[in-house]
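Asker: Next come the chains, spelled out residue by residue.
2 protein chains.
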Amino acid sequence: MNHATENTALLSSAAEEARCTLTSPTAMPAASAFLWNRRMLLQVNCRGFVVARHMQPEPAAYAHAPNLEAKTFMQPEQPFYAHHPGRFLYVKDEDNGALFSCPYEPVRARAEQFAFSVGADEITWRLRQAGLEMTMTLRVPVDDAVELWECTLRNDSPGARRISAYPYFPVGYMSWMNQSGEYRADLGGIVCSSITPYQKVDDYFKNQHLKDKTFLLHETAPDAWEAAQSVFEGEGGLHNPDGVRQPLLGGGDARYQVPTAALQYQLQLAPGEERTLRFLFGPARDDEEIFALRERYLSATGFATAAREYQEYLAQGRGCLQIETPDRELDAFANHWLPRQVFYHGDVNRLTTDPQTRNYLQDQLGMAYIRPQTARSALLRTLSQQKADGSLPDGILLSPEAELKYINQVPHTDHCVWLPIFLRGYLDETGDHALLDERVIPEGEDKVDGEGHGRSVFECVSRAMDWLAAARDDRGLSYIGQGDWCDPMNMVGYRGRGVSGWLSLATAYALKLWAEICRQQNQLGPAEKYVRLAAEINSAVNRHLWDGDWFARGITDDGTVFGVSEDQEGSIFLNPQSWALLSGAADDNQRKRLLRAVKQQLETPFGPMMLAPAYTGMREDVGRVTQKFPGSAENGSVYNHAAAFYIYSLYAIGESDRAWHLLRQMIPGPGREDLMQRGQLPVYIPNYYRGAWYQYPAHAGRSSQLLHTGTAAWIYRCLIEQLFGLKGEGEGLRIAPQLPSHWPQAQVQRRFRGAVFDVQFERRVRGDGLQVYVDGEPLTEPLISPVEAGRVYHLRVLLPPAE
Amino acid sequence: MNHATENTALLSSAAEEARCTLTSPTAMPAASAFLWNRRMLLQVNCRGFVVARHMQPEPAAYAHAPNLEAKTFMQPEQPFYAHHPGRFLYVKDEDNGALFSCPYEPVRARAEQFAFSVGADEITWRLRQAGLEMTMTLRVPVDDAVELWECTLRNDSPGARRISAYPYFPVGYMSWMNQSGEYRADLGGIVCSSITPYQKVDDYFKNQHLKDKTFLLHETAPDAWEAAQSVFEGEGGLHNPDGVRQPLLGGGDARYQVPTAALQYQLQLAPGEERTLRFLFGPARDDEEIFALRERYLSATGFATAAREYQEYLAQGRGCLQIETPDRELDAFANHWLPRQVFYHGDVNRLTTDPQTRNYLQDQLGMAYIRPQTARSALLRTLSQQKADGSLPDGILLSPEAELKYINQVPHTDHCVWLPIFLRGYLDETGDHALLDERVIPEGEDKVDGEGHGRSVFECVSRAMDWLAAARDDRGLSYIGQGDWCDPMNMVGYRGRGVSGWLSLATAYALKLWAEICRQQNQLGPAEKYVRLAAEINSAVNRHLWDGDWFARGITDDGTVFGVSEDQEGSIFLNPQSWALLSGAADDNQRKRLLRAVKQQLETPFGPMMLAPAYTGMREDVGRVTQKFPGSAENGSVYNHAAAFYIYSLYAIGESDRAWHLLRQMIPGPGREDLMQRGQLPVYIPNYYRGAWYQYPAHAGRSSQLLHTGTAAWIYRCLIEQLFGLKGEGEGLRIAPQLPSHWPQAQVQRRFRGAVFDVQFERRVRGDGLQVYVDGEPLTEPLISPVEAGRVYHLRVLLPPAE
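Heads up: the protein sequence lines correspond to chains A and B, in order.
Per my numbering, the very first residue in the first sequence carries number 398; after that it's consecutive.
Per my numbering, the very first residue in the second sequence carries number 398; after that it's consecutive.
Here chain A stands alone, though its shape is the one from the complex (with noise of 0.2 Å):
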């Protein structure tokens, strides 16, 4: 037997042996082959692409790939490729063939004039190109998850010109199940469909309201199209796409491949003219919802409206403080940017159903100074969650349909800490001292008797101080279970016996800080035990956890303090110097001690590290922590979170200078080079800076990009009560601002439940202290206290000199 046949130059085979031999690479682009063996398979096409699965004993792959999309919301240092999601613009010059993208990639082809350009209620890029100007413009409404888009071409070269211009909106690779794409004329774009892969019947009935069609729909019709993201592409690849190569799109569907959303318009401009082209791109369940969002968005008009509500809406979270001070970056950070994070944060919860427990409270925190009712709601909302025991659950659930997901289903142990670290600063914020009357409804309850059913949110919180204080083990510390503030910090008690440091003192300090507003309630008696019960704790961490120069991070289950000088990694931790400094369990000799240990250890150019060294491999009695990145996330890296907290702990002990320090480097900028560093624009805070900065310097200060963190509530928090010393108390407002040394004067605006306070802040040359004027009238202490809604106060305030 033997026949070799050769069939067509395309394949040869031969029937005497296993062999089939494929003589082009783009005949049959997906033809492949596979090899296997017990304990591996690999499925190999004829261009180099590679499926490979190796049993561990579930298949697992060696090289990953980007294919089926895992649930996930946003990664920290999200890598980007190619073929990633994102909204670009190709023009290709009809006359000469020259091709670039807008903004950037796929082409990856520089501009003459590049600019990004991002402001609070749109993002544009402008670039010149060849005699060319484009703009792109990204806006949003406030309440339909579509994107607005005005794309705007100007000639600027003294003559005329033919170009085409072609939105390509990639849609990627959208389900296993089901997924196509085509022009509808009727909607006026391309529609992709797709159903969200599922295997069980209840899911059918869960994901039967999904949006699962993506739309991009055009105002101008365009003159060709293409919904087939292979054809599009084609051989020349992202960078060079064969759709843009011919001389039109060739109006191709996708059938179960994956789809894209490409529109081409041959456009010719005279010397000066402009062509504006506006698109809708975003998701929708059906044709209707379409057809609506096209009706109600897709013109001039609908655009200068949803822009207008839009700026309404973020006109919202403005924020109640405008600072002019010698540093310009602070002031466009602090005025703008600040305050919008914290505003996306509490109005939206980081868009999740589900937010943790811990930063929604910190959240509503920041929400205190910008939309005080929503921090309120808040807090009644979580109080109805509480459980039986006192303690709160490890999420707080908006929605009836809303479940605990990923992290939430680890039960952590520091939730009831954030109760009345929120209450102190939405009392002094707002002086609504009526909340703690009044009435939380348990959730799932029937409402009110006429008796007032459910107990006082004083009574909720007393009841989570109690669970508090009573989850500590015989040395009074804090049980740690599987983590507190710190999630991956879950193997240090997991068997129930290790206790964290930080909880302990954070403990001490929640119920010092209930102890005050019970004592303000008049509640003397309980103010009088949380205060002794905080003092308990303070010295029982004094006791087990004072290392000689700093605190510990905690004890393990196997009785091991760990966060300690002995200790290779980890032996140093942010968190629980800063609360000793909040909790009072540091006298002063400790102080100075543990500020020297975190300068010298922790402080880097880019913000204080979390702990150091970052571990490097994972330690079993810490837990997952320190299986991180080193100087990635919690392991080690300036986690903003914490580094918020030293800095409030600073300003709580006057270190006025040392944590002006901190709180600047949290945001980037203004060098050239810490830019390039950290690689991010001064419009948030993320929620890390890459660490490790004595192990891997050349990576120190990366941003995450990550926008979601408690971070900024915090800051605003800081910026507020502690550098401007605008603070709320009681009836009024206390004047103790804390300067940085080197500031000759700052002047600020600052609202303040009703009234507004004009405020100069001017650093004397000499003298001996504060000096407050109202209206030109010294104060002999500085509290103006009643403060009158509605009125305008003119301040002057006259600082120390710096020393």
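If you're looking for bench data, these hints aren't it; they were derived computationally from the structure.
Please note: incorrect hints may appear among the correct ones.
To be verified - Taking lysine-lysine and the PhoX-like style, the derived pairs with C-alpha atoms no more than 20 Å apart in a straight line are:
{"no.": "1", "chain 1": "A", "residue 1": "K608", "chain 2": "A", "residue 2": "K597"}
{"no.": "2", "chain 1": "A", "residue 1": "K597", "chain 2": "A", "residue 2": "K802"}
{"no.": "3", "chain 1": "A", "residue 1": "K597", "chain 2": "B", "residue 2": "K802"}
{"no.": "4", "chain 1": "B", "residue 1": "K802", "chain 2": "B", "residue 2": "K784"}
{"no.": "5", "chain 1": "A", "residue 1": "K784", "chain 2": "A", "residue 2": "K802"}
{"no.": "6", "chain 1": "A", "residue 1": "K802", "chain 2": "B", "residue 2": "K597"}
Quantities reported herein were computed from a predicted structural model and do not represent experimental measurements.
Chain A is fixed; fit chain B onto it per the hints.
Answerer: Showing chain B alone in chain A's frame:
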């Protein structure tokens, strides 16, 4: 307040308004900004990449990213992207800068000659380009998860050449918890490390033995390397990477960036000179394992030994049939590729730890022809997991740690059907009737007491048959529950009333097969009972499901018969027709009608569709199958498993030429047009070719490229037992060929129970029937019995003339 700051040319921001402008797309490539509203969040980076989520109410994407990879095995019609994993070799001419890559991606420069040459035990690419010949060969060893790569570069040009060769093995986004890559001189290669993401303590213990490292080891030390993907790629893009454009790779590490494995070899090649480079690529748990793999394999000797051992392994799967027919492509497929695919399925169980019971039994049916002892153990394992009520679980757990996953968490009703089907094939092939008396030890129970704990196989299967017979409704039809063979037909009977026409017929067939086995075991009572039950079911099916020209697919919970002519979509299904032929439900008239209906409505140039017309929208009383893309998978593709049933049933009723026609369609080619349309090499049968031939003709025929399918076993069986008609029976071998009528002759070697049958088929020009000669002697009946192991039989088989 009005201070615009021009902070170097890079960034401009303003204090008086929220505006921050970046003037380079490359200086801070990840620089991003965000917009949100109450329903969505967009994070947009300066290069145009976007991460967007909207709430519905959980966060969801509408443009889909190649980031964090979902856990999945393999997807049909897997789309590939520039950054999809692959194994590549860039080649740069150091004299003129010319760049291309092997085999084709990522540069996509056309080679002058290209060959993707697939062998049974290795895959080789061979390219010629600009006077160089490059070959890349991939092998795997038998028992380790590691790839063995051999790359040879030869200078075929008249002068000396200076080139750089860059093996580029991308590793991808490994983990958000921890990922890195570095060159390890001690191990001789690049090692990328990660921690599989998890959040729960329990998973730490489960995960700690995972192979979280990926390595590329070299035999020959490179001149340079790079381990950071973004640095290797640079702004040039994968088609023209910065790394390759520089004289030398930068030697960088990846520290929580996406790692990669890129090496550089600077080669000087005299005319005719060649250089061979060897590499290992794969996963490992730790350095020790990497070192051991290096020691074992990374040398010419190691490769040669591994190749020999792998060939020995493959030889176990050579099958029992060698053919030489007028169809040379069929010969190659049947002699090499098909038994290889059957062996793959049967030996490693599709690389899963919980094969679906149905798949497991059918894959092992194939194994009965290849390595029967494996099939025997599989049956015993299956029965050891039989439930108390006689039914089988949805998946068979292959180890104590395995769990039922994905689709195996959805209950299906057909698993018991496959027991007698498996046994019929197994017993015929082996004559091993002793298996029926084997005792089955229920899993989890202690081993055997003195008296032979456990039931016999015969009893177990009888109980399974009784369960099947009982799982029927008042009409006598089989309940479908949440699905039968058709997994996604999950809503016909999920409310407990719907029935499956196919399952009813399959039950009748299974009972008949079991009755036959009972009879052979002299269990005449049970035999009679099962025959009676089968007849009962057949007549129930005829009463309720005969639609006039074909059998309906079932009756829904609400009593609607579906798969009938009045249905606009899904009006005819293939399976009920095939199994009515097998079960005997169809009389002669019905046969004629249903064959015609299948031909008219289901047959296509690529095989018969599983149903037609494909559903284009959800039918809630049928289920998930109707949501799949029309013509894909179970929704009306040429689903080869179902096609194989039909072919088998056609042979069963003697429709030889019709069967042959459909069988031949299952193998891609030989014509160029057919190959291009299917896009697949004839080296395996995929699970489907696209159907919806009348709805989407342009896409029909395209291969899923999914190599896991019950088809392989059935087609192998069809070839052996039906087409060539060399089937075991009792103690002997029956000769009952059904060669296509246009074949004048064929030659076959059949291995059977230790004997070898060399068979020469010849079609008579005239005469009146089959005549078989054994070693020259005519047989009165075409049955050789008993068969003597060790003997070589020479058979001459004269076939009746074609009609």
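Asker: Mind listing which of the numbered hints don't hold for this structure, in increasing order?
Answerer: none
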